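Take the sequences, apply the hints, and build the full model.
2 protein chains.
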Amino acid sequence: MATRKIPRATAKRLPVYYRYLNVLLNANKRRVSSTELSEAVKVDSATIRRDFSYFGELGKRGYGYDVEKLLNFFKGILNQDKLTSVALVGVGSLGSALMNYNFHQSTNLRISAAFDPKPALANTVKSGIPVYPVGEMKKQLQEQQIDVVILTVPGEKSQTVTDELVEAGVHGILNFTPVRLSVPKDVQVQNIDLTNELQTLIYFIENNNTKDSQK
Amino acid sequence: MATRKIPRATAKRLPVYYRYLNVLLNANKRRVSSTELSEAVKVDSATIRRDFSYFGELGKRGYGYDVEKLLNFFKGILNQDKLTSVALVGVGSLGSALMNYNFHQSTNLRISAAFDPKPALANTVKSGIPVYPVGEMKKQLQEQQIDVVILTVPGEKSQTVTDELVEAGVHGILNFTPVRLSVPKDVQVQNIDLTNELQTLIYFIENNNTKDSQK
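If you read the sequences in order, they're chains A and B. According to the numbering used here, the first sequence is numbered sequentially starting from -17. According to the numbering used here, the second sequence is numbered sequentially starting from -17.
Just so you know, these hints were derived from the structure itself, not from any lab. Be a bit skeptical, because a hint or two may be false.
For identical chains, the list gives no copy identity; a pair is met inside one copy or between any two copies.
To be verified - Below are the PhoX-like pairs computed for lysine-lysine, each with C-alpha atoms no more than 20 angstroms apart in a straight line: (1) Lys64 / Lys121; (2) Lys64 / Lys100; (3) Lys120 / Lys139; (4) Lys42 / Lys(-13); (5) Lys24 / Lys167; (6) Lys24 / Lys139; (7) Lys42 / Lys11; (8) Lys167 / Lys11.
Computed from a prediction, not measured in an experiment: that's the story for all the values here.
In structure tokens form, the structure reads like this:
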């Protein structure tokens, strides 16, 4: 398994490669050239080769890549050989939409619990997912051994809830709030700030000055 | 105005800096040290200095940064001195949540039109935003001079809709579909793929091997 430190940009492309390889396998394709792969995933082939190089020799010059071998390799890297249960905290409109979101069928990800302080939501099932009162959060996270949480609470509550999550043993937070969270070093935070994403996009339109048009 | 090519990672941090400077100004702070800034935005100070260096000398050694000056500089860079209208295409559960999303009040961003093929939604107003039938998309985008679109249509429709958007003159797409879109070189795509984000987060938890714990 990979032990070298890889750039975050590379790690973010691994699920993209993995998904496309699944498509190829389902279409009974046995091998793929780096050019085909590049066109399908919209990543230039030099970047693909550099990404793959972090994991050793994955293909052969002139032959391309063996689809099934590569797929199984990424499956291991991405932990897709076992089911990962995640929880969602904050069942507002964004939270509800995410509970309803069709995480691609080829992934082994599942939202298995949601938490919200609203009494009307407590102990209901929404989009097939049980919603617990926040008072039960620590207990449920520990019992269900949930390590990863999607955070969709209001910004002003985000740090307090994060502290509780860390105390409950969570190691990964997908943070949809605009707040930059304080966490211990062994907890990973992935920020998805929709305002930032829009502002960055607008910046790129106005300044049209990056090498790559897509990331 | 900036003309040097700046890294995408830097561009993504500009809105974060901008937002925090707004908070400081509202609290009547006149200057900020790079250490304070670093702690507030959770970006190490070497990275902040490198980010700022793309724009020339913004601060003075030993003095720190002048809040108002820096704020005004980023306001210009991020186009916050004028209102930017964006459209949303695909009023499903995620689309509805985004229409309801509180883009931070300090930004000059506004969703001013939405489009959906469902007859029941056509010509209604949802979360204060008019919803038009997709047949009127090109006309409305051009009349309202909308350059940026949030795309929340089903994956299988995303490329067709994208082609129509490009034809209507759109230059930026915030793509929430899992599909990697084909666009001309002068169109920018920012992908927010929720499955990818979760998979990347899980990868980092298992491999805890990047330099920075937050991005």
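Each hint tested on the structure:
1. Lys64 / Lys121: Close neither inside one copy (23 angstroms) nor across copies (48 angstroms); limit 20 angstroms.
2. Lys64 / Lys100: Classified as neither: same-chain Cα gap 33 angstroms, cross-chain 38 angstroms, threshold 20 angstroms.
3. Lys120 / Lys139: within (16 angstroms within a copy, 41 angstroms between copies)
4. Lys42 / Lys(-13): Neither: 24 angstroms inside a copy, 35 angstroms across copies.
5. Lys24 / Lys167: Classified as between: cross-chain Cα gap 12 angstroms, same-chain 33 angstroms, threshold 20 angstroms.
6. Lys24 / Lys139: between (38 angstroms within a copy, 18 angstroms between copies)
7. Lys42 / Lys11: This pair counts as within: shortest intra-copy Cα distance 17 angstroms, inter-copy 59 angstroms.
8. Lys167 / Lys11: neither (42 angstroms within a copy, 30 angstroms between copies)
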